[in-house]
Structures are given as structure tokens and as C-alpha cells.
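Enquirer: Top to bottom, those sequences are chains A and B. Position in the first sequence (from 1) plus 263 gives the number in my numbering. Position in the second sequence (from 1) plus 531 gives the number in my numbering.
No lab work stands behind these hints: they were computed from the structure. Accuracy of the hints is not assured; some may be wrong.
Computed from the model, here is a short list of chain A residues facing chain B with C-beta under 10 angstroms [stated by the list, open to error]:
1. 348
2. 352
3. 353
In this text the structure is predicted, and so the values were computed from the model without any measurement. Just so it is clear, CB atoms sit at the ideal spot from N, CA and C, and this is done for glycine as well.
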Amino acid sequence: LCSPPYWRRRDLPLSRCRTLLATAFACRPQIRVPFSSARRLLEAALLMGLVTVYGFHVEHPVVLVLSAVTASIGIAAAGVLYATIAASLRVRDTLVPLLMLPALAPVALGGTRAWVAAQAVGPGDGLRWVQLLAVFASLFTAFGIAAYGSLIEEG
Amino acid sequence: MTPPFRWTVRITGGLSVVALSAAVWLALFVAPPDAVQGDAQRLMYLHVPVAWLAYLAYGVTALCSLLYLIPRTRSMRWDNLAGASAEIGVMFTALTILDGSLWARPVWGIWWTWDARLVTTTVLLFLYLGYLALRRVPSSTDARARRSAVVALLAFADVPIVHLSVIWWRTLHQQPTVLNPELNPQIHGVMAVTLLVSVIAFTCLYAHFLLRRFHLARLETRRDELILQLAAQPELAHSSMLAGAR
Numbered sequence: 264l265c266s267p268p269y270w271r272r273r274d275l276p277l278s279r280c281r282t283l284l285a286t287a288f289a290c291r292p293q294i295r296v297p298f299s300s301a302r303r304l305l306e307a308a309l310l311m312g313l314v315t316v317y318g319f320h321v322e323h324p325v326v327l328v329l330s331a332v333t334a335s336i337g338i339a340a341a342g343v344l345y346a347t348i349a350a351s352l353r354v355r356d357t358l359v360p361l362l363m364l365p366a367l368a369p370v371a372l373g374g375t376r377a378w379v380a381a382q383a384v385g386p387g388d389g390l391r392w393v394q395l396l397a398v399f400a401s402l403f404t405a406f407g408i409a410a411y412g413s414l415i416e417e418g
Numbered sequence: 532m533t534p535p536f537r538w539t540v541r542i543t544g545g546l547s548v549v550a551l552s553a554a555v556w557l558a559l560f561v562a563p564p565d566a567v568q569g570d571a572q573r574l575m576y577l578h579v580p581v582a583w584l585a586y587l588a589y590g591v592t593a594l595c596s597l598l599y600l601i602p603r604t605r606s607m608r609w610d611n612l613a614g615a616s617a618e619i620g621v622m623f624t625a626l627t628i629l630d631g632s633l634w635a636r637p638v639w640g641i642w643w644t645w646d647a648r649l650v651t652t653t654v655l656l657f658l659y660l661g662y663l664a665l666r667r668v669p670s671s672t673d674a675r676a677r678r679s680a681v682v683a684l685l686a687f688a689d690v691p692i693v694h695l696s697v698i699w700w701r702t703l704h705q706q707p708t709v710l711n712p713e714l715n716p717q718i719h720g721v722m723a724v725t726l727l728v729s730v731i732a733f734t735c736l737y738a739h740f741l742l743r744r745f746h747l748a749r750l751e752t753r754r755d756e757l758i759l760q761l762a763a764q765p766e767l768a769h770s771s772m773l774a775g776a777r
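Between the sequences and the hints, there should be enough to build the whole structure, so can you do that?
Expert: Laid out in C-alpha cells, this is it:
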């Protein structure tokens with residue numbers, strides 16, 4: 264995915280999609296965002312910590328996995344998009360957290376509620392929160408695909 | 532300022548004064564006090580219109596941003612209008628939080644609580660403060676406008692979350708009285724009329740502020756272009772300085 268031809272052909276929507284996803288999930292030096300591999304490790308470590316320290320009992324593993332995956336995609340897509348917007352600016356170090364932290368509030372809310380629902384006995388509302396996370400991830404990924412090329416070119 | 536534009540500004544200004552006076556009179560002297568909340572409920576005639584107008588302002592910002600991003604309709608006019616509307620939206624959102632807090636103290640017994648509606652509204656405020664901060668970053672006009680338009684469209688996604696937060700979460704904030712999911716307003720006749728007049732008054736005020744701020748933004752754009760022209764032609768700058776000195 265990260266081979267040079269894809270980076271040169273930003274005019275094609277498919278290529279933009281690949282570039283965005285490659286930037287979000289692999290490690291590109293151009294844009295520094297917290298990458299998904301590190302986040303996956305952090306999520307796994309936190310889950311292990313919850314299970315061992317707090318006796319976290321997973322009743323709905325599907326909700327847990329789906330919420331973790333959709334939230335990761337959402338954070339990665341938003342991170343790439345906002346980092347791209349601020350990449351060429353001198354105040355990027357201040358601007359990216361200022362723009363991103365409020366924007367990620369739905370992920371924090373949805374993710375927290377989904378993980379709470381994942382340990383609830385009986386049918387919970389976990390999938391509703393997964394839906395919210397999926398909408399967020401889709402929105403930022405779609406926006407990223409549409410805007411990424413022109414934002415990179417102007418930068 | 533062209534004559535039709537000037538007249539529109541004057542008309543919206545005049546209408547704002549008349550409608551706001553009517554709204555104050557209705558809210559303080561005509562509408563009855565609430566059976567449970569008493570006179571504190573009168574703050575609703577300020578709180579609800581400014582909250583709705585904040586939604587409207589952000590909607591206008593999103594629409595103008597979209598029009599800027601579409602190559603066929605791209606114009607600095609849309610960018611200026613988006614920025615002007617966002618500034619008014621931020622002012623109205625801050626006012627919503629402030630008067631909501633003033634209302635919450637006598638009714639809930641607290642100034643602030645970590646309620647879903649309150650938190651999502653504050654998030655909305657910070658999203659648009661970030662948008663305004665991005666607009667202030669020195670950059671070329673087109674690059675700044677394009678970046679701002681993308682951020683404005685993303686920020687607007689929080690508006691439905693704010694509105695639906697009282698339905699999605701169990702909140703201390705009351706459910707929507709007028710724009711509820713059943714579209715069946717649960718409000719007394721005189722109170723409904725007072726609220727309607729308040730909404731009209733604040734809409735006129737919003738239009739007036741928007742036109743004034745839009746005009747100012749156009750002047751700022753023209754000033755920036757002039758500075759660039761003068762910087763590109765030093766002899767022109769020198770002659771204009773001499774003209775200024777005279």
C-alpha cells in the first residue's frame with residue numbers, strides 16, 4: 264500500500280483512499296499521528312489490565328471487538344485528516360490537539376459506553392454505541408478520501 | 532456598501548429592535564410564570580432562541596463551506612460568510628451555556644453538571660473555537676479557506692449529536708419540548724407565542740450581525756489584497772505613503 268506509485272497518483276479516488284488508509288494504519292514519515300499498531304497494543308494492554316485488576320468480565324465479546332476496531336478507525340481517520348490540515352502550518356503542534364480533542368469526544372463517549380455494555384449481563388445497548396462509532400469512522404474516512412488529495416497538494 | 536445591502540442591514544437592524552422589544556414585553560409581562568419553576572422559566576425565552584440560532588449559524592457555516600469546496604461555486608464570498616456565521620454561532624453557543632447555567636442554579640440547584648447535553652454543547656463550542664483559531668492562522672487566502680471549509684463541515688456533525696443527546700442519553704436536561712421526535716409541541720399557547728416572537732427577534736438579530744460581519748470580512752479581504760499589491764510594488768507603496776502624509 265505504501266509503495267511510491269500510490270503516493271504519486273493522488274488524483275484517483277481509489278488511490279486517495281489507499282493513501283489515507285496507508286497513512287492511518289502504517290507509518291508514513293510525512294505526517295506524525297499516533298499510529299494504529301501502537302494503539303492496538305495499548306488497547307490490548309488496557310483490556311488485560313481491566314481483566315486482571317478490576318475483574319472485567321466480557322459478556323459480549325463481539326461488541327468489545329467491534330467498538331475497539333471502529334473507534335480505532337475513527338481516531339486514525341480523524342488524526343490523519345486534522346494532521347493533514349495542520350501539517351504545513353507553523354502552529355500545528357497547538358492546532359492539532361485544539362481541533363482534534365473536541366472532535367474525538369463522540370468516540371470517547373461511544374467507546375466508553377460500548378465497553379460498559381460489553382460487560383453487562385443480558386441484551387445491552389452496545390451495538391447502538393458501535394453504530395455511533397461506525398458513523399463517526401465512516402464520516403471521517405469519507406471526508407478524508409474526498410479532501411485528502413487537495414489538502415496535501417495545497418500543503 | 533451598495534445601497535440595497537445598506538438598506539437590508541438597516542431593515543434587519545430595525546426589525547431586531549422592534550421584535551426584541553416585543554419579546555421582552557411578552558416574556559416579562561404577558562407570559563405566565565411556570566407552575567413549577569416560577570419566574571426562572573422566563574429565561575427559556577432567551578435560552579431556546581439563542582440555542583436554535585447557534586444551530587442555524589453553524590448550518591449556514593456548513594452550507595457556505597460546502598459551496599466553497601464545490602469548484603463550480605467557489606468564491607471568497609462563501610468563505611467570508613462561513614466565517615462570519617461561525618463567529619455569531621460561537622457567541623450564541625457561549626450565551627446558551629451561560630444563561631443555561633443561570634437557569635440551572637435556581638431550578639437544579641447547581642451551576643454545572645456533567646450532563647450529556649451540556650457536555651456536547653461545550654464540545655460544540657470548542658469545535659468552532661478551533662475553527663475560528665484555524666481561520667486566524669496566517670496562510671494564503673485559498674489554502675486557509677479550503678482548510679477552514681473542511682473543518683467546518685466536520686464540526687457540523689456535532690450539531691445533531693447535541694440535539695439528540697437528550698434522547699440518546701438519560702439526562703438531567705429536559706427532553707425537546709417543541710422539536711420533539713413526535714413533532715407535537717408540549718407548550719402553553721401564550722408561552723408558545725412568546726417563544727415564537729423571541730425566535731423571530733433573534734433571527735433578525737442574527738441576520739443583522741451576519742450582514743455587518745460579512746461586510747467587515749469583505750473589507751478585511753480587500754485590505755489584505757491591497758497590502759499584497761503594495762508589497763509587490765514598492766514604488767506604489769511609497770507614493771501612497773506620500774499621499775497619506777499630505
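Enquirer: Would the hint on residue 352 of chain A be counted as holding, given a Cβ-Cβ threshold of 10 angstroms to chain B?
Expert: 5 angstroms, holds
Enquirer: Given residue 353 of chain A as an interface hint, is its Cβ closer than 10 angstroms to any Cβ of chain B?
Expert: 8 angstroms, holds
Enquirer: Hint residue 348 of chain A vs chain B: min CB-CB distance below 10 angstroms?
Expert: 5 angstroms, holds
When each numbered hint is compared with the structure, no violation occurs for any of them.
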